[in-house]
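Novice: Taken in order, these protein sequences are the chains called A and B. 1 is the number of the first residue of the first sequence in our numbering; add one for each residue after it. 1001 is the number of the first residue of the second sequence in our numbering; add one for each residue after it.
The set of hints was computed from the structure by calculation and includes no laboratory data. Note that the Cβ used here is the ideal one computed from N, Cα and C, for glycine as well. Please note: incorrect hints may appear among the correct ones.
Said to hold, decoys possible - Restraint-style ranges between C-beta atoms, simulated for each label pair:
| no. | chain 1 | residue 1 | chain 2 | residue 2 | range |
| --- | --- | --- | --- | --- | --- |
| 1 | A | Thr502 | B | Ala1076 | 54 to 60 Å |
| 2 | B | Ser1031 | A | Gln220 | 49 to 55 Å |
| 3 | A | Glu266 | B | Ser1031 | 45 to 51 Å |
| 4 | B | Lys1156 | A | Ala532 | 23 to 29 Å |
| 5 | B | Val1047 | A | Ala444 | 55 to 61 Å |
| 6 | B | Ser1031 | A | Ala532 | 32 to 38 Å |
| 7 | A | Glu266 | B | Ala1076 | 37 to 43 Å |
| 8 | A | Lys577 | B | Asn1122 | 50 to 56 Å |
| 9 | A | Gln591 | B | Val1047 | 41 to 47 Å |
| 10 | A | Gly544 | B | His1125 | 37 to 43 Å |
| 11 | A | Phe593 | B | Ala1076 | 34 to 40 Å |
One letter stands for each residue in the lines below.
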Amino acid sequence: MPHSHWLTLTLTYFAAAVVAVPLARRLGLGAIIGYLAAGFAIGPWGLRLVTDPSQIVDLAEFGVVLMLFLIGLELEPKRLWSMRRPIFGWGGAQLLGSLALIALIGWACLGFAAAAWPLAVVAGSALAMSSTAIGLATLNERNILQTTVGQSVLSVSLFQDIAAIPLLALIPLMAPDRVAGADAGHPWITAARAFGMIAVIVLGGRLAIRPALRWIARSQTPEIFTAAALGLVVGTAALMQAVGLSMALGAFLAGVLLAESEYRRELETDIEPFKGLLLGLFFIAVGMGIDASIVVRHPWQVAGIVVGFLLVKTTVLWGIELGIPIRRLERPVFTLLLAQGGEFGFVVLQAAQGQQVIDNGEAGVLTAAITLSMLLTPLLILVADRWWIPLLEKHVPKTKLSELAEPQDAPVIVAGFGRYGQIIGRLLHVNGIAATVLEHDAEAIEALRKFGFRVHYGDATRLDLLRVAGAARARVLVVAVDGIEPSLKLVDIARENFPNLTIVARARNVQHWYQLNERGVHHIERETLDSALMSGRSVMEAMGFEPHRARTLAMRFRRHSVQQLYALAPHFRDESKLISLARAGRQQLEQLFAQERLDHPPVAPTWDAAPQAQEEFDEGVPEHPAKPVAKDETPVP
Amino acid sequence: MADVLVLVAHPDIARSRVNRALAAQARLLPSDAVEVRDLYALYPDYVIDIEAEQAALDRARFVVWVHPVQWYSMPALMKLWVDDVLAFRWAYGPGGRALRGKCLWLAVSTGGTETSYQDVGNNRHPFESFLPAYRQTAELVGMRFLEPQVFYGAHKAEAHEVHDHAHAFAQRLLEFAGEARASALTAQPDVAADERRITSDD
């Protein structure tokens, strides 16, 4: 019964993912390891629930395709163009460097036998590739795709996707039963077709797809738009495959072309869940593909290859890192995400095997090595997080902290020099008030120093650092750090050790305000309140209120809001009480403003149209005090 | 290059009748002749741009203050304007001669009627008795203080009265503009008199 078989299979995949992924995350291993483990568990070498993993490989590969489409959507053509140097420079250096070194070392291991060089070159090409899926999925998982390191990994991956095309075209030339170059014309035709297809996709994306999407969107059928989005990716991938190009590259290209379209966000939200599931399936497939029998038969060979090529690629990447602006703390991530083998390696091996450049045994060993390296990557990153990066952290501050070794004596300490602290710092600076600025984001510091700010590196929640910063003699401590926890911690330390300091604190939200207030901080500002009130004033002015009136109303609102906070502060842990009090407060404010409206009815826009009946209060308000001195109410508006 | 600078100061002009009417009329005049600055609209936060205000004064030959009389004086922001803009060494004091020879005209409204501004009225003094501070301010900075125009009983005025008053006001502004243009060619401020004043004031 093929139908029920299909159902069981689907259920197996879902169940494995649902069990393994949350478990892996709970253990702090990350989703990718969860998928890989799930794959291995249900695969031919685990529980044997799935015996033929190749069934789903094609479908699973689509996860990678969709992912590259989404990445393309985030990159407008202009930005992609600005990345050309990283892509071709660093990407080229990584791929060609790794390829050459691995091939050379491999050939050396094979005794420089003349007949062995194609195997060495194929192995070099296959192992030099990195896993776009693991790399980019890890970056996504950690939300660092947009950072320098994320963009660097993306650049190198993109180059590999591009380079895979000529590499695959070259493999047949190395086939033993063929005279090299016999088909010399053939690659040219292939190349021409490839460029033709890219041109078709670029032009089609520009001219046809956007109007088509607009037309579909107008039909107001969400699921059809989703179908169109998926169809678009599938279509591009199919076109690319038809001319022997990478499907992922095609999808990426389509994504870039649509990055400027008005449907970017819709496309993203529609495709995102498919990408997630299919990418998971891809990792499951990789997990299932681990051929334990080869590992069991050639354990040392496989292990040697894995360790060897990881070392070579790490060395090459380390060399590249010296030339690119990646922070030292991020280098381990960059290295590890590009050191492992990748799915393109499988493709290269398959092609080489098909052309009999290498035999099945060799292909099996290399495939196993790549798979193992992919499995190792998330684990290695975990190790790096725990030990390598903390180790580097110990080294990095030493150079940056040198300035703060000498005690500071400014009367003001500004902790946290992000958007909030900077405004305070600039205000103090232009008015000649000296301030010692502490910031713990090394990258931000470099940028700030370029602009001439004297910013010190350091974690302001450390007592020793506060001492060096002169907290014992300073008068004011500005707590402008981003995080709520560090902010409260800093306030605690300061209140306990430096009672001389007046604390001026930034509250990220109302809850934070309460917590600061509870600690006895008197000068707390909610970070969005005043800018929002200013915008509110702009709205009122746009609605015809006089600027001064809008200001008065906004300031009155502000005062009430602050009073309200103080009134609620004692009860902030008691949610039900808080809600009822807040409701009462809101009613009070509404009554206040209703009274306001009664006292000041809206005015007709032109003066001669002003209704006669409207009794006026102003025009020289109160010069009727019977006894001016004794009057106790203030009738001035 | 406006020869006439009209400064309007009303804390809640949307609810004003007379001052709003005067401002509206003044704005209808060619802006190269009459410049209108609504202080409460420009500086709702009471942070006056002193340079901009002084530049506007530099351009003008006639300065007109339009405001309601509050507690026998000017509204708070108008007073702040005087405090900030008529600065030492600019408007008065050594080298402070920026306003020399210009004219100051007061166009104010009062809530009280003209009869209330009498010895027997609520306000116990004629309106003129509340003007010495204005006059002396003009005197100190070397401005000619023109006879003020007072609109009494603004609350109870009929719409047509406000209307006529505003038109008369606009007419006067146009006269100023013409006068300024004519005298620009010939008249020079009385420098000698200014010098005397500086030495005696400081």
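Novice: None of the hints should be skipped; say for each whether it holds.
Specialist: Do the hints match the structure? See the list:
Between threonine 502/A and alanine 1076/B the CB atoms are about 31 Å apart, so this pair departs from the stated range of 54 to 60 Å. A beta carbon spacing of about 50 Å between serine 1031/B and glutamine 220/A agrees with the range 49 to 55 Å that was offered as a hint. A hinted range of 45 to 51 Å for the beta carbons of glutamate 266/A and serine 1031/B is consistent with their spacing of about 48 Å. Checking the proposed 23 to 29 Å range against lysine 1156/B and alanine 532/A shows it is violated: the Cβ atoms sit about 42 Å from each other.
Look at valine 1047/B against alanine 444/A: about 31 Å separates their beta carbons, and that is not inside 55 to 61 Å. Between serine 1031/B and alanine 532/A the Cβ separation comes to about 35 Å, which falls inside the hinted range of 32 to 38 Å. Restraint check, glutamate 266/A to alanine 1076/B: a C-beta distance of roughly 54 Å breaks the suggested window 37 to 43 Å. Checked against the hint of 50 to 56 Å, the pair lysine 577/A and asparagine 1122/B passes, with Cβ atoms roughly 52 Å apart.
Evaluation of the 41 to 47 Å hint for glutamine 591/A and valine 1047/B yields a failure: the beta carbon distance comes to about 32 Å. Taking 37 to 43 Å as the suggested C-beta distance range, the pair glycine 544/A and histidine 1125/B conforms, at roughly 39 Å. In this structure, phenylalanine 593/A and alanine 1076/B break the distance hint of 34 to 40 Å, their C-beta atoms being roughly 24 Å apart.
Of the numbered hints listed earlier, those contradicted by the structure are 1, 4, 5, 7, 9 and 11.
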